[in-house]
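Asker: Chain residues, written in single-letter form:
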Amino acid sequence: MRSQMLIARRKAANVVFVGFCWLATIIALGALAAILLSLLKEGVGGMNLKIFTLDTPAPGSDGGLRNAILGSIMMCAIAMLIAVVVGVLAGTWLAEYAGDSAYGKVVRFVNDVLLSAPSILIGLFIYELLVKPLHGFSGYAGSVALAFLATPVITRTTEDVLKLQPAALREAGVALGSPLASTIRRVLWRAGQTGILTGGLLAFARISGETAPLLFTALNNQFFSLNMTKPMANLPSVIFNYALSAYDDWRRLAWAGALVIAAAVLSINIIARTLARETRRS
Amino acid sequence: MTLTLDPSKALPKQGPAPKAKPRGGALDPFFEALCAASATALLAALCGVLVSLAIGGWPAFHKFGLHFFTISSWNPVTEVYGAAGPIVGTLITSFLALLFSLPVAFGVAVFLVEFCPSVLRRPIGTAVELLAGIPSIVYGMWGLFVLAPWFALHVQVPLLLLAPPGSLLEKLTSGIPNGANILTASLILAIMILPFMAAVLRDLFLTIPAQVRESAYGLGGNTVEVILSVSLPYIKRSAVGAIMLGLGRALGETMAVTFIIGNSHAFPKNLFDSGSTIASTIANEFNEATTEMHTSALIALGLVLFMITFAVLAIARTLLGRPKVV
Numbered sequence: 000m001r002s003q004m005l006i007a008r009r010k011a012a013n014v015v016f017v018g019f020c021w022l023a024t025i026i027a028l029g030a031l032a033a034i035l036l037s038l039l040k041e042g043v044g045g046m047n048l049k050i051f052t053l054d055t056p057a058p059g060s061d062g063g064l065r066n067a068i069l070g071s072i073m074m075c076a077i078a079m080l081i082a083v084v085v086g087v088l089a090g091t092w093l094a095e096y097a098g099d100s101a102y103g104k105v106v107r108f109v110n111d112v113l114l115s116a117p118s119i120l121i122g123l124f125i126y127e128l129l130v131k132p133l134h135g136f137s138g139y140a141g142s143v144a145l146a147f148l149a150t151p152v153i154t155r156t157t158e159d160v161l162k163l164q165p166a167a168l169r170e171a172g173v174a175l176g177s178p179l180a181s182t183i184r185r186v187l188w189r190a191g192q193t194g195i196l197t198g199g200l201l202a203f204a205r206i207s208g209e210t211a212p213l214l215f216t217a218l219n220n221q222f223f224s225l226n227m228t229k230p231m232a233n234l235p236s237v238i239f240n241y242a243l244s245a246y247d248d249w250r251r252l253a254w255a256g257a258l259v260i261a262a263a264v265l266s267i268n269i270i271a272r273t274l275a276r277e278t279r280r281s
Numbered sequence: 000m001t002l003t004l005d006p007s008k009a010l011p012k013q014g015p016a017p018k019a020k021p022r023g024g025a026l027d028p029f030f031e032a033l034c035a036a037s038a039t040a041l042l043a044a045l046c047g048v049l050v051s052l053a054i055g056g057w058p059a060f061h062k063f064g065l066h067f068f069t070i071s072s073w074n075p076v077t078e079v080y081g082a083a084g085p086i087v088g089t090l091i092t093s094f095l096a097l098l099f100s101l102p103v104a105f106g107v108a109v110f111l112v113e114f115c116p117s118v119l120r121r122p123i124g125t126a127v128e129l130l131a132g133i134p135s136i137v138y139g140m141w142g143l144f145v146l147a148p149w150f151a152l153h154v155q156v157p158l159l160l161l162a163p164p165g166s167l168l169e170k171l172t173s174g175i176p177n178g179a180n181i182l183t184a185s186l187i188l189a190i191m192i193l194p195f196m197a198a199v200l201r202d203l204f205l206t207i208p209a210q211v212r213e214s215a216y217g218l219g220g221n222t223v224e225v226i227l228s229v230s231l232p233y234i235k236r237s238a239v240g241a242i243m244l245g246l247g248r249a250l251g252e253t254m255a256v257t258f259i260i261g262n263s264h265a266f267p268k269n270l271f272d273s274g275s276t277i278a279s280t281i282a283n284e285f286n287e288a289t290t291e292m293h294t295s296a297l298i299a300l301g302l303v304l305f306m307i308t309f310a311v312l313a314i315a316r317t318l319l320g321r322p323k324v325v
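Going line by line, the protein sequences match chains B and P.
Each residue of the first sequence is one higher than the one before, counting from 0 in numbering that gives the first Met the number 0.
Each residue of the second sequence is one higher than the one before, counting from 0 in numbering that gives the first Met the number 0.
Next comes chain P alone, as it looks inside the complex (with noise of 0.2 angstroms):
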């Protein structure tokens, strides 16, 4: 039997075969969508934030202008709101608290990269992580019910004997001998900031190639000569990035520092006077504001608190990347 060829039978020509839509190609497009709808509601949250907040605090800044920075009475009583005393205390607890953190975070960094003995750098480098996570409420009740008392006792007291009356020592070290203060607010932010600020700069000091400093320490330098003009260098940028992250999460602490600051709006007149942020002056104040203007001048404060803290995490962004969250 031979095989015929029946051209009649042969597929008909058609051109190319029509192209098969996947099945389910149609939700294809709305997926998509509903993913970039999602992207966009976490810009629209930034935005909205920045908004709402402008919008809330809208009478604050129409009646008192720039003046809102400069007066340091925040009275509801005559209705005068000047955000001085609160924008004064932000700054100054922050950058006091970076700079107890700074040095002990850098301690503990080089100490995980190259001094730890080996058995002890995962539980030591874990605990650090971990404690980063820990609510800062209960920091908060640490400072007040721990801290401040011991502080009072042991160094407030003890100065206010010491300091003979109109001395220098008794201008800086005068105010209720309460533990509550600038100082001891930031003590706390210090501690609360060091295991971050310990866990980024450790993962910044792993990046370093190991021939980078292994040709160092091959060229002679020891430890510290190392560390100090071969791998900081190296992550001189990323560092700066890491500590403008500790920055912003200072400026931006609510509860730790309401617990312990004192809560007094005056502008503060030393370390050891109590006085606010603008984080703790919003937690404190915002359910038991009456009027629309305190209100308002409640929202303004968090507006400025906003773009201070926005400024400082784009900072930090730029010069960091992204450092990991896990």
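If we strip away everything but chain B, and leave its shape as in the complex, we get (with noise of 0.2 angstroms):
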């Protein structure tokens, strides 16, 4: 009797637990889905070429996105330029020359410390440091910020890539008599492109939704401006201003440009999945 009981209470233990896990699950997914959609019946209403066409208007006129898109892109291509270049050679050294160095241990650590590190702090020190020593707001800050927050990607990336290629690729670079920089550029490099790539895209996507660091460094511009010595448009500080305003047409705006951010990022992310999985099937 008393052990029907406990069999009886397991099994009602058992159906409980599995339960709460089924309605976890449909209420994480249903509050993205609801976050998914707003964004969707919102951004989709204030789409249309002149996003792309015209530049942020005047409370109560026409315009469009134009010239915040073209900063994000400028700031992040710069940002990405340098990020790849001091995020690959890096986690280079990491993987071949640290080795089990207490100062790669260091490194390494460092380096996953800022993975996470709050953004709005790397915007701090790049106003210290750029911004106020220069006198001004510029798009060349807003892309060092930036750069700031992509390499770390870039760097655990490679490191991790190099580190899955077999040690026989290296003994036959010395075998061959190549000097280990030429290994590593001509064949390392080029055995784990495919990973450094999926990594510089991740790192792509993490920063063109990024708004906190450029609120201090690249600033805003209402124009249309290509000079990157200058405060700079971009779209994630227009999203923030526009949505915070009270006109009802430039929240419309706002949500549009949410919605181009939102797709952009969804998809650098996905073509980075893939590529990810491709590699690893192969």
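Among the hints, a few may not be true.
[What the hints assert, rightly or not] Below, in silico cross-link-like pairs of lysine-lysine (DSS-like), each with a Cα-Cα straight-line distance of 30 angstroms or less:
(1) K235/P x K104/B
(2) K229/B x K131/B
(3) K49/B x K162/B
(4) K62/P x K10/B
(5) K170/P x K62/P
(6) K268/P x K62/P
(7) K62/P x K131/B
(8) K162/B x K170/P
Worth flagging that the hints you see were computed from the coordinates, not collected in a lab.
Reassemble the complex: the two chains are provided individually, in unrelated frames, and hints are given to aid placement.
Answerer: The following block contains the structure:
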């Protein structure tokens, strides 16, 4: 009798637990679906060709987000240029030269901390480093801030990818009389290029939606400008300002901008993941 | 014809042949130095953040000393800056977010590993991972335009009408019913860190060897018993690390919170009160700060945030090891 009750209780506990897990998943997917749905619902309404052909307007007049989108692309491109060079080299050092050295461990630790460090602090740092001494906000300062966020991702993926390459590749390089530097550049980097590309795409996806580090570095600019030594329009800052404004047309533009950013980030992420899966398979 | 060996034509004796220098070998040390310099740049970046925040925040620390942490007034007019409000706001929102998010993330992770029909496993898993990458400004806008009005209309107003004047309930739920408060900020944070924590926890569950779980099932355990008394203890250490990583994200999250927390620097009286976090205060005020002391106080706040997140992330890294990036 008691054992039957025990079994019944265990069964009931199990049912409750399984139900809880189902419920948790439904809640999670429901919340995230709700966010994406409102993004689509509000964003598609403001979506038209003018978004890409007109500049940010004064309230009440017709306009788009061309200057902001272009500014974001330019700043991200320069940031990626810096981040890929520094990140790939640092990742190479960690994988090929650092070994188990104490300094290597410190750098690995620092890189992992930088991976999740609050981005607003990077913005403050660049403000102190580049904006205050040079007396002005600039697109370049924004790029450098973004580069600081992208580099740790690339460093980490490069290190992981290079460590996956078989030792035979390095030995073959040595046997052919090639210097280690050439082996790394001509053999190991080439063997790991898809993985490094994946890391680059992930880093790009991460910085293209970042707002906080741009607030005090690139600032914003309501006009079209290609001058990176001056304050520069960028999509996240425009969304932030317009969303908090009291004008309905600005808010519509903010939603459209948010949809553009989310779509871009999601598609870059999907490409990166597909690449990663392809490499894992082969 | 006989083969003649002419000693004079033999190779001159020189000892071992000279070792050929590989072509481009001179570049080798240069390349290594370049790689090492890049790695050092990362270290310099972290130290640079620390040093610049310390220098920039020094005037505020010097003027207010330890009172910086205890004063709850933040007043640019009288030039009195105390960080108690934002610091407490940061800690409360982050811990609440963790509290809301952790059970759900755990449920999702267990679901994906144990119960999910195999057709859905990949799509749901990928969806969760992708949602971790959506920019925080999108979450913030959703919080401001969808969650906050809903919360005000369906939670705050009914509670205000329900609570008898002078009662505890009235004290707890007082505040302007506009949905911009500490509780909704925590909810947004919880939704933001949810996919991230679920993905890390799922990967941890997947590291448990099949034999361990199967032997537990073989002994007659059912799912809840296997999960709670075998799987969970197996990953306990790393799971705490994953939770700390989620906490680290929540502590430093800026934009989503700035949209919805209401931005008042007073010490929050209850969960329905508007508040501020360190990151939201910096984001809101930094460009408008006109006096040197105001800027310095904001940078000092940044240093406090840096210390807190660094400690949390360091613990996470020690417990969790290195979670995968892709």
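Asker: Each of the hints needs a verdict: does it hold here or not?
Answerer: Hint by hint, here is what the structure shows:
At most 30 angstroms may separate the alpha-carbon atoms for a hinted pair to count; K235/P and K104/B meet this at roughly 24 angstroms. This hinted pair checks out: K229/B and K131/B have alpha carbons roughly 14 angstroms apart, not beyond 30 angstroms. Under the criterion of a C-alpha separation no larger than 30 angstroms, the hint pairing K49/B with K162/B is inconsistent with the structure, at around 47 angstroms. The straight-line distance between the Cα atoms of K62/P and K10/B is roughly 63 angstroms, outside the 30 angstroms bound, and the hint therefore fails.
With a CA separation close to 36 angstroms, the supplied pair K170/P and K62/P exceeds the 30 angstroms bound. This hinted pair checks out: K268/P and K62/P have alpha carbons roughly 27 angstroms apart, not beyond 30 angstroms. With a C-alpha separation of about 22 angstroms, the suggested pairing of K62/P with K131/B holds against the 30 angstroms cut-off. Taking the CA atoms of K162/B and K170/P, the gap is near 58 angstroms; set against the 30 angstroms cutoff, the hint is violated.
Comparing the model with each earlier hint shows violations of hints 3, 4, 5, 8; every other hint is respected.
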